[in-house]
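One line per chain: the protein sequences are A and B, in this order. FYI, the numbering for the first sequence is 1 to 287, going by the numbering used here. FYI, the numbering for the second sequence is 1 to 296, going by the numbering used here.
Derived from the structure by calculation, the hints contain no laboratory data. There could be a bad hint or two in this list.
Said to hold, decoys possible - Once the Cα atoms are required to be at most 25 Å apart in a straight line, the calculated DSS-like pairs of lysine-lysine come out as:
1) B:K219 with A:K203
2) B:K54 with A:K49
3) A:K118 with B:K127
Said to hold, decoys possible - Here are some chain A residues pointing at chain B (derived, C-beta under 8 Å):
4) G8
5) T12
6) D36
7) A37
8) N39
9) S45
10) L47
11) C48
12) D97
13) P107
14) V108
15) K112
16) P138
17) G139
18) S143
19) G175
A virtual CB, placed ideally from N, CA and C, is assigned to each residue, including glycine.
Chain residues, written in single-letter form:
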Amino acid sequence: MEIAVISGKGGTGKSSISSAFVSVAKSAVVVDCDVDASNLYLLFSPLCKEEEVFVSGSHAVVNNDKCTNCNTCINLCRFDAISKVNGKIRISESACDGCYLCSRVCPVQAIKMIPADKSRMYAGTFRYGNMVYGRLAPGEENSGKMVNLLREKAKKYVEDYGYDTVILDGPPGIGCPVISTITGVDKVVVVTEPTISGFLDMKRVIEVVCRFSVQMSVIVNKYDLNPSICEQIDKWCEEMKIPVVAHLPFDAQIVEAMIAGKTIIEYNKDCEVSRLIENAYNTIYAF
Amino acid sequence: MSMNIAVASGKGGTGKTFFSTNLFYSLRQMGYSSLLVDCDAEAPNSFIFFPVKKLSEDVVTEYRPVLDRSNCVLCGKCAEYCNYHAIFFLPAMNKIQLLDDLCHGCAACSVACKYSAIRDSYKFIGKVTSYKTDEDGECMFEAKMTPGVASPVPIIKSAVKMAVKQAKQQNADYVILDSPPGTACPFIQTASHADFVVLVTEPTPFGLSDLKQTVDTLKTMGKEMGVVVNRAGLGNRDVYQYLENESIPLLGEIPFNKEIAFLYSEGKIAVKELSSLQVIFQDIVNNIVSYGNSSN
Chain A
1 MEIAVISGKG
11 GTGKSSISSA
21 FVSVAKSAVV
31 VDCDVDASNL
41 YLLFSPLCKE
51 EEVFVSGSHA
61 VVNNDKCTNC
71 NTCINLCRFD
81 AISKVNGKIR
91 ISESACDGCY
101 LCSRVCPVQA
111 IKMIPADKSR
121 MYAGTFRYGN
131 MVYGRLAPGE
141 ENSGKMVNLL
151 REKAKKYVED
161 YGYDTVILDG
171 PPGIGCPVIS
181 TITGVDKVVV
191 VTEPTISGFL
201 DMKRVIEVVC
211 RFSVQMSVIV
221 NKYDLNPSIC
231 EQIDKWCEEM
241 KIPVVAHLPF
251 DAQIVEAMIA
261 GKTIIEYNKD
271 CEVSRLIENA
281 YNTIYAF
Chain B
1 MSMNIAVASG
11 KGGTGKTFFS
21 TNLFYSLRQM
31 GYSSLLVDCD
41 AEAPNSFIFF
51 PVKKLSEDVV
61 TEYRPVLDRS
71 NCVLCGKCAE
81 YCNYHAIFFL
91 PAMNKIQLLD
101 DLCHGCAACS
111 VACKYSAIRD
121 SYKFIGKVTS
131 YKTDEDGECM
141 FEAKMTPGVA
151 SPVPIIKSAV
161 KMAVKQAKQQ
171 NADYVILDSP
181 PGTACPFIQT
191 ASHADFVVLV
201 TEPTPFGLSD
211 LKQTVDTLKT
221 MGKEMGVVVN
231 RAGLGNRDVY
241 QYLENESIPL
251 LGEIPFNKEI
261 AFLYSEGKIA
271 VKELSSLQVI
281 FQDIVNNIVS
291 YGNSSN
């Protein structure tokens, strides 16, 4: 079974909750799909067994000695990546989308495409099984494609070692990597917090999830921060027929556990948050 | 010229929007004029915090080719030019299809086609809305991406462009760019317009890990930056040690406080209600202002 944990808004507690799920599952493949800012490795200290280069695309580089300043490339670039600085063509690496058009149309072949190959994917073992994670180099694109590749790797572990459970810790937002994270999974858990922005972002991400036929449930984290907004969230979820499987109180032990490099269940399995997360996981699993 | 300040973090949920909106308000209180741009096009939330009146709404579009089959000779040149596999071409079957989901709007196919079989069209990918805040008449811009669109970058780009133009017109002192999380293209697009970047972090291992990544990215971009530690008192002291080692200025600390969290959750500007927080923001503003003066 594949369970994806997402949220819309960042910092609602996705990684803390998904890592606790892993502790409850006891044996699992974990995929850190937040390739832009992965954090789970901090709790699981995986022993890296494989490192692979991820080519996220390419970007154009101009040879100013060859360039005749004909401006063909500037006029055709749709990404505003090419400009003239002190009479010379300059291509911005961060704005370049890697479409190859400038390199194809340059009459004197002054533009070369070079692969963007600074991103890495990792696979390793940790105390509950296998873990795959990645690190998208700053400004590189195609995080959705990297998530797909990480999930393929995870599937291979499932086939080779017969795991029951795959837990995916998702990225924030509603973009490509989120869609790659939830495509084809069995269950999606949306973690939210009782703030107006958390509620709004939850609705946005649920709108995206609704386009997939997948079982969804909600966890309200730090519910005691604002019980009245929490009530509104509960009511909205009831109307949408999405089960709220846990209301977790704020507990500084979650941060203490993080500092200790442990999941909350490992840090204190008898605290209220741990018990609620364990119940939530079992409920989700049994749906 | 106004100074552009990007508010970023790497990690989501450290308090970027909280900081940006309270900074926006504090600047006004201290006699500086400023504009706020919500660049988190996947989840723009700044407008929650102010009573606003909509001024204008600009649609953002992206190029999309349309195939005119009557002119197409099935030469396959467009498919050869397309680097995104967005043109499906099967010569044996006389089949050609444009795949909208994979298209990045580079228009290479249209340049490739010598038979006028590719027509230009534009797809709606989001919008930029400008607002006036009721109380003080300051402007806000919001970039918002339509769900399902691949990249928010063009929407962020237009929002910043519009705001910078407006800032020039009204001779504003500051433009605050509330950045999206992460260090990918949407963040880089936002930060590239900044004269100074304020990084909002929290003193936890997750916060520090993402902060380091963002600092490294900004250093390669050659950006000046300072850090605000939010929820200070929670977590540990590692972030302070890191800032000292890297010689990154600490602009201020916002204590972990349930009252602040509650006001934020209600969509309220916390500096309005808490005088202790007001003092903290005044110090931060002074730190930013003195940075701006020293670099001029």
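Hints violated by the structure (listed by number, smallest first): 1, 2, 3, 9, 10, 11, 13, 14 and 15
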